[in-house]
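S.K.: Go ahead and model the full structure; you've got the sequences and the hints to work with.
Read top to bottom, the protein sequences are chains A and B. Per our numbering, the very first residue in the first sequence carries number 1; after that it's consecutive. Per our numbering, the very first residue in the second sequence carries number 1; after that it's consecutive.
It is possible that part of the hints are untrue.
Unchecked claim - No farther apart than 30 Å at their CA atoms in a straight line, the calculated lysine-lysine pairs in the BS3-like style are these:
1. A:Lys61 with A:Lys49
2. B:Lys57 with A:Lys49
3. B:Lys69 with B:Lys17
4. B:Lys71 with B:Lys57
5. B:Lys71 with A:Lys49
6. B:Lys69 with B:Lys18
As the list claims (entries may be wrong) - Derived, one-sided and incomplete: chain A residues facing chain B with beta-carbon distance under 8 Å:
7. Gly41
8. Gln42
9. Gly43
10. Leu44
11. Leu46
12. Phe90
13. Asn101
14. Leu102
15. Phe104
16. Gly105
17. Thr106
18. Gly107
Unchecked claim - For each label pair, taking beta carbons as the anchor points, the in silico distance ranges come out as:
19. A:Thr55 with B:Thr13: 46 to 52 Å
20. B:Glu70 with A:Thr30: 33 to 39 Å
21. A:Ile60 with B:Asp59: 26 to 32 Å
22. B:Thr13 with A:Gly16: 43 to 49 Å
23. A:Thr55 with B:Thr15: 48 to 54 Å
24. B:Pro8 with A:Gln58: 34 to 40 Å
25. B:Thr5 with A:Glu64: 30 to 36 Å
Rather than coming from a laboratory, the hints here were simulated on the basis of the structure. Here a beta-carbon is modelled for each residue, glycine too, at the ideal position from N, C-alpha and C.
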Amino acid sequence: AQSVTQPDIHITVSEGASLELRCNYSYGATPYLFWYVQSPGQGLQLLLKYFSGDTLVQGIKGFEAEFKRSQSSFNLRKPSVHWSDAAEYFCAVGAPSGANNLFFGTGTRLTVIP
Amino acid sequence: EAQVTQNPRYLITVTGKKLTVTCSQNMNHEYMSWYRQDPGLGLRQIYYSMNVEVTDKGDVPEGYKVSRKEKRNFPLILESPSPNQTSLYFCASSSGLQRSSYNSPLHFGNGTRLTVT
Numbered sequence: 001a002q003s004v005t006q007p008d009i010h011i012t013v014s015e016g017a018s019l020e021l022r023c024n025y026s027y028g029a030t031p032y033l034f035w036y037v038q039s040p041g042q043g044l045q046l047l048l049k050y051f052s053g054d055t056l057v058q059g060i061k062g063f064e065a066e067f068k069r070s071q072s073s074f075n076l077r078k079p080s081v082h083w084s085d086a087a088e089y090f091c092a093v094g095a096p097s098g099a100n101n102l103f104f105g106t107g108t109r110l111t112v113i114p
Numbered sequence: 001e002a003q004v005t006q007n008p009r010y011l012i013t014v015t016g017k018k019l020t021v022t023c024s025q026n027m028n029h030e031y032m033s034w035y036r037q038d039p040g041l042g043l044r045q046i047y048y049s050m051n052v053e054v055t056d057k058g059d060v061p062e063g064y065k066v067s068r069k070e071k072r073n074f075p076l077i078l079e080s081p082s083p084n085q086t087s088l089y090f091c092a093s094s095s096g097l098q099r100s101s102y103n104s105p106l107h108f109g110n111g112t113r114l115t116v117t
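M.R.: Take a look at the structure:
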């Protein structure tokens with residue numbers, strides 16, 4: 001069965017610093033991988049996705065993520081964080097047969113300090 | 001504007017009093033889904049629907065019902081709510097599960113915060 005682990009519940013970074021949010025998945029084959037962001041009081045918005053091909057994917061708002069099959073990871077990165085990036089971030093995995101039936105991780109809350 | 005609309009945004013009710021949370025999308029999407037979000041548990045899928053009159057259970061369907069009589073609407077029904085159903089609920093939609101739609105992201109509503117006392 002699919003599962004997603006986000007080991008960091010809460011991360012605090014200074015504005016302008018780099019960011020990496022961790023995501024590990026468990027799945028028998030190459031899954032479809034997603035990162036979503038949830039701003040306070042809002043629904044989730046897709047940041048980026050990986051289906052196949054280039055393992056480094058670019059998303060919106062300057063985010064990128066790298067799929068590493070050997071580590072079963074799909075970590076999200078941003079070179080310079082802005083105060084508006086403060087939000088909760090969810091990694092999700094979908095089976096290729098039903099990519100929209102997603103299994104979500106427990107989320108990582110990002111706080112950005114001036 | 002393309003959107004998924006949930007109502008109400010906030011709801012406080014008592015144990016056993018039937019309620020319905022509505023969800024409507026204006027994107028002609030085939031696929032719709034309900035999630036609940038709880039601290040430390042992330043989002044868990046309750047039910048989903050691949051098209052009109054086609055619904056299926058997600059991971060946590062107990063205590064919930066859904067219906068899909070029209071393509072745009074996918075209401076979530078709690079026949080006899082209990083306090084353990086206090087949660088934040090999200091409806092989502094996308095253009096479907098076919099391979100051609102894999103690049104279509106899930107569109108989420110803004111959530112319904114339900115409190116059952």
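S.K.: So, for every hint listed, does it hold in this structure?
M.R.: Quick rundown of the hints versus the structure:
1. Pair hint Lys61 (chain A) plus Lys49 (chain A) holds up; C-alpha atoms about 14 Å apart against a cutoff of 30 Å.
2. Only pairs whose Cα atoms come within 30 Å are accepted, and Lys57 (chain B) paired with Lys49 (chain A) is accepted, the gap being roughly 25 Å.
3. In summary, the hint linking Lys69 (chain B) to Lys17 (chain B) is supported, as the alpha carbons are separated by about 23 Å, within the 30 Å threshold.
4. A hinted pair counts as satisfied when its Cα atoms are at most 30 Å apart, and Lys71 (chain B) with Lys57 (chain B) qualifies at roughly 18 Å.
5. With a C-alpha separation of about 26 Å, the suggested pairing of Lys71 (chain B) with Lys49 (chain A) holds against the 30 Å cut-off.
6. The suggested pairing of Lys69 (chain B) with Lys18 (chain B) holds, with an alpha-carbon distance near 20 Å, which does not exceed 30 Å.
7. Interface restraint check: Gly41 (chain A) against chain B, minimum CB-CB distance 7 Å, threshold 8 Å, status holds.
8. With its C-beta approaching chain B no nearer than about 6 Å, Gln42 (chain A) sits inside the 8 Å limit, and its interface hint holds.
9. For Gly43 (chain A), the shortest C-beta to C-beta distance to chain B is roughly 3 Å, which falls under 8 Å, so the interface hint holds.
10. A distance limit of 8 Å between C-beta atoms decides the matter here; for Leu44 (chain A) the minimum to chain B is near 5 Å, and the interface restraint holds.
11. Nearest Cβ of chain B to the Cβ of Leu46 (chain A): about 4 Å, under the 8 Å cut. The hint holds.
12. Using the Cβ-Cβ criterion of 8 Å, the hint placing Phe90 (chain A) at the interface with chain B is satisfied: the shortest such distance is roughly 6 Å.
13. Annotation: Asn101 (chain A) was flagged as interfacial toward chain B, and the flag holds, the nearest CB pair being 6 Å apart, inside 8 Å.
14. For Leu102 (chain A), the shortest C-beta to C-beta distance to chain B is roughly 7 Å, which falls under 8 Å, so the interface hint holds.
15. Residue-level restraint check for Phe104 (chain A) holds (minimum Cβ-Cβ distance to chain B is 4 Å; threshold 8 Å).
16. For the restraint placing Gly105 (chain A) at the interface with chain B, the shortest Cβ-Cβ distance is roughly 5 Å, inside the 8 Å limit, so the hint holds.
17. Against a cut-off of 8 Å between C-beta atoms, the interface hint on Thr106 (chain A) holds, since the closest Cβ of chain B lies about 4 Å away.
18. This hint holds: Gly107 (chain A) has a C-beta 5 Å from the nearest C-beta of chain B, less than the 8 Å allowed.
19. Between Thr55 (chain A) and Thr13 (chain B) the CB atoms are about 47 Å apart, so this pair conforms to the stated range of 46 to 52 Å.
20. Take Glu70 (chain B) and Thr30 (chain A): their Cβ atoms lie about 36 Å apart, and the range 33 to 39 Å holds.
21. The beta-carbon spacing between Ile60 (chain A) and Asp59 (chain B), approximately 28 Å, falls within the hinted interval of 26 to 32 Å.
22. Our hint of 43 to 49 Å for Thr13 (chain B) and Gly16 (chain A) holds, since their Cβ atoms are close to 45 Å apart.
23. Between Thr55 (chain A) and Thr15 (chain B) the CB atoms are about 49 Å apart, so this pair conforms to the stated range of 48 to 54 Å.
24. Look at Pro8 (chain B) against Gln58 (chain A): about 37 Å separates their beta carbons, and that is inside 34 to 40 Å.
25. In this structure the hint that Thr5 (chain B) and Glu64 (chain A) lie 30 to 36 Å apart at CB holds, the actual value being about 32 Å.
In summary, the structure agrees with every hint in the numbered list given earlier.
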